[in-house]
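Visitor: What follows is each chain in one-letter form.
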Amino acid sequence: MSTVKELKKVAEKIYNDLVNGRIPSLELPARTKSNIVFDERYRVWKYGKQNITRSAVSLSGAYMLLRTIYVIDFIKEMIENNKSSTLRELYYISEGWGEAKFNSQDESDKLAEDLEIITKKLREDFKLRPEEDGARVIGDIVIEEVTRKGEKRRIHCQDDVGDAGYSIPYNVEKEKLRFVKVNADKVIAVETGGMFDRLVENRFDEKSNAILVHLKGQPARSTRRFIKRLNEELNLPVIVFTDGDPWSYRIYASVAYGAIKTAHISEYLATPSAQFLGVTPSDILNYELPSDDLSKEDIAALQSELSDPRFQDDFWINEIKLQLEIKKKAEQQALAKYGLDYVTDVYLPEKLAEMGYEV
Amino acid sequence: MPIAEELAKKQRQISIAEFFERNKQILGFDSLTRALITCVKEAVDNSLDACEEAGILPDIIVEIKQTDGDEYKISVEDNGPGIVKSQIPHVFGRLLYGSRFHSLKQSRGQQGIGISAAVLYSQLTTGKPAVITSKIGEGFPAHKIELIIDTKKNLPRIIKEEMVHWKKKSGTRIELFIKGKYVKNRKQSVYEYLRSTAIVNPHARITFIEPDGNEIVFERAVDKLPEQPKEIKPHPYGIELGTLLKMLKETKAKKISTFLANEFSSVSLQKARQVVAKAGIDENKEPSKITLDEAKKILETFKKIKLMAPPTDCLSPIGESLIKRGLRKETMQLSPEFISTDTRQPSVFSGTPFMVETGIVYGGSLPRDERVEILRFANRVPLLYQEGACVITEAIKNIDWRRYGLEQKGGKGIPYGPAIILVHVASVNIPFTSESKEAIAHVEEIEKEIRLSLQQCARRMKTHLSKKAKKEKAKSKFLLISKILPELARKTAEMLNKPTPPIDDVISQIMNIIWIDDEIVSKDGIAESKIRIINYKRKPQKFILYAEIPDKEKIVEVKPKPMEIRSKVIKWSVNLKPSEKAEYSFKLKLDGEDFDENGLYVLGIDPVNIVGAEKWEGEE
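Residue numbers (this note's numbering), protein chains in the order written: chain A, 1 to 359; chain B, 1 to 620.
With a Cα cut of at most 30 Å, we get these calculated BS3-like pairs of lysine-lysine: (1) K76/A - K498/B; (2) K409/B - K327/A; (3) K101/A - K475/B; (4) K8/A - K498/B; (5) K483/B - K9/A; (6) K475/B - K110/A; (7) K13/A - K539/B; (8) K5/A - K483/B; (9) K101/A - K468/B; (10) K483/B - K110/A; (11) K498/B - K5/A; (12) K13/A - K498/B; (13) K121/A - K498/B; (14) K483/B - K8/A; (15) K110/A - K473/B; (16) K261/A - K101/A; (17) K537/B - K13/A; (18) K483/B - K101/A; (19) K296/A - K412/B; (20) K498/B - K83/A; (21) K120/A - K498/B; (22) K101/A - K471/B; (23) K13/A - K483/B; (24) K483/B - K76/A; (25) K127/A - K498/B; (26) K470/B - K101/A; (27) K9/A - K498/B; (28) K498/B - K101/A; (29) K101/A - K473/B; (30) K13/A - K473/B; (31) K498/B - K110/A; (32) K13/A - K475/B.
If you're looking for bench data, these hints aren't it; they were derived computationally from the structure.
Quick caveat: nothing in here was measured; it's all calculated off a predicted structure.
Turn these sequences into a full structure, and let the hints guide you.
Guide: Have a look at this one:
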């Protein structure tokens, strides 16, 4: 069904409620940790059966419904006029919507996600773009991108790019981006820019025959989708390399299992076979890494992860418990303790070998 | 004269100035700022006492001028009865003159060491005499006397005296030149002292002229003088050995038994005989012949005998309504949303009658994230120093204010929030922690009374806050049905190219209550209360509405015709169809009283269906 039709169905539901003297309401899955379940078919975590109801019986519920109608109307107009806008623009446009105006961009971003869930369409179908600029890629792969002029351009992600690498566009679907040729045999996703640049400078993409992808903290949808396509279409294993703290584990989890916020499209974004390389709490001990004390927030986050269904396997339970015991965390760049080349000469080769890769 | 006696005399002679120097702190002169406040305080306390004793509404003018560097001229003028010329030197020029020992009375004079200490301080710091002008009535001349205290003899010495013309009918003015420091915008300042004084003395008008010429008038809120407190005799439970010995020496009674019966309260002749018999003393023994040991025995025996509590009608409270008015007047610029006050019944600790009054001011522009302001008073005198050592502060700290809507870490300590807490302790003998008389000692009975009184005010505050929260909630529903829902219907219809659907049904489902809204407008001594009711239920509603009134006699008008008017309540029968609105109103003569919150109640309907009124629990 077309996106406009799906969106209209939402408006019709509210309209019919009003006509029939029912208090207007919409149902959608609860987007909480307690409501994600493992999808055996796709091997990713998705929303479960707990629903919440947005109802006009409360003022905040009524505001949400009114905003929903305004956003639907706005998207319908964009589709009909062949326009698109950023999520930030959507927020600013709401300034002119009187009572339906959003109080923060967080609210409008969330509502766009809600609509994805209700209509089973993607943000891209709504002509809404994220603000986030694409993460960077360096490695032995040739990509074909359709430019805004409509030309197809081939880019070799080592020879045709500078040290900053190839930038992932916000749309990474097949009509926009194709993989032409690949010689690399794995993907290494790196959390921080500092470590990404270190690996690039040390030419680790060549040495280990890997495609390096910069995650830039919590990765954007396009980055995750890009990684998933590399994994699915080219059969490349994905290895995630982050800091050794609870927030970084969540970055890994969102790559591998799907994020709680976007669990409605997990099968589309998550790479279930992605493996975590480090920095693990065991690494902090084994490599005697310089470390910081865990903050109160860190400890709370670790404890929350112990009850997060995505972390329920022996590896994670053991590592998290170990970290709670030693009360330490370490950054990727702490490896510089042993010199700038240590990470590429010793640490990564050792860890990759442990995971069964030839280096 | 033996040498020892001569020496003793000398010791006494040097002692006054030296005593003062050594005890500056407990006398309230330990810093330049505090010295200035203390001087003003002593003079103002005297003026208020004098006016009240003479039955005159106090009109006091306080002026402070900077004369040179840290030298200030303080002048305090009242419209009291004046002081006869011959008494002026004794009142202002002798330390501890006229202090009472054997009779007890709730008076300001209990605080501080007295005006003579201020006179002494001024002459010690600037060398200048105090100037006193006084006139005792129409047709009498005014006398102007300049005097200092002879510190060797503790006697006044007149430097200059003259008769002057003074327009005033009667009154007294004192001018002092002192070393001091004038500060503004803090709790310990002359301004705050006068403001606090004005709150608990709403019958006084105080005009204050600051050094920069700025004039502030603390206007009186009521034209009635407080009742004069009565003197009472001491109660045996509260008497100290030293006082007893002094009384034994000075009494005119011939026998110990009649002494006890005559000079103490709650002691009958029969009880007195019983006590001396138990103490093993001849009831006919002359009081002056009683030995130290015998006196001790008498006190011990009294403790074992059950006596009636002392009379408590000797206390003169400010009263709930006057404290409220004082608070309202002095917090007007903060526009607080709520004021509650409470006056407890008199109570007794160690044979000493006392009573507690409290007040809470909430909201308005009071700071939300700071500690509450505490106003402490003893016998209508503000206590500005030693907050931490005072039983008032202690009592406040021990209340769990979280239950009443203020923030407090762990339910202990001084609470945070937009509030002012006032506590007044009145007693014939306030148990201060020290001679500086700035903090009340920890007496269990007093703490308990303070706590009970504050809890009473706090409960009312809580009720007010819950009511407000309920109203806010109802208000948001109002916004929902009057704006958001119609807009939702319009926009959805527009988007789908369909006609806008009617929403009345949905509205009554969402509200499903009877909405009661009220306001009071006071103008020209008349308060008009308007009560609006809207039925948002889907069925017709019938119930009885009760509106509390202070007094039937004050009603000027009631609309529409009520079912019944009782002495304290108006009763209407309300009958509303779905979506129907109705208005009920009444007007009251205020006669100087307040009417600022409606008490609305309903009967004959489940109160969960009502917003804006409670269930009527009284007689139908």
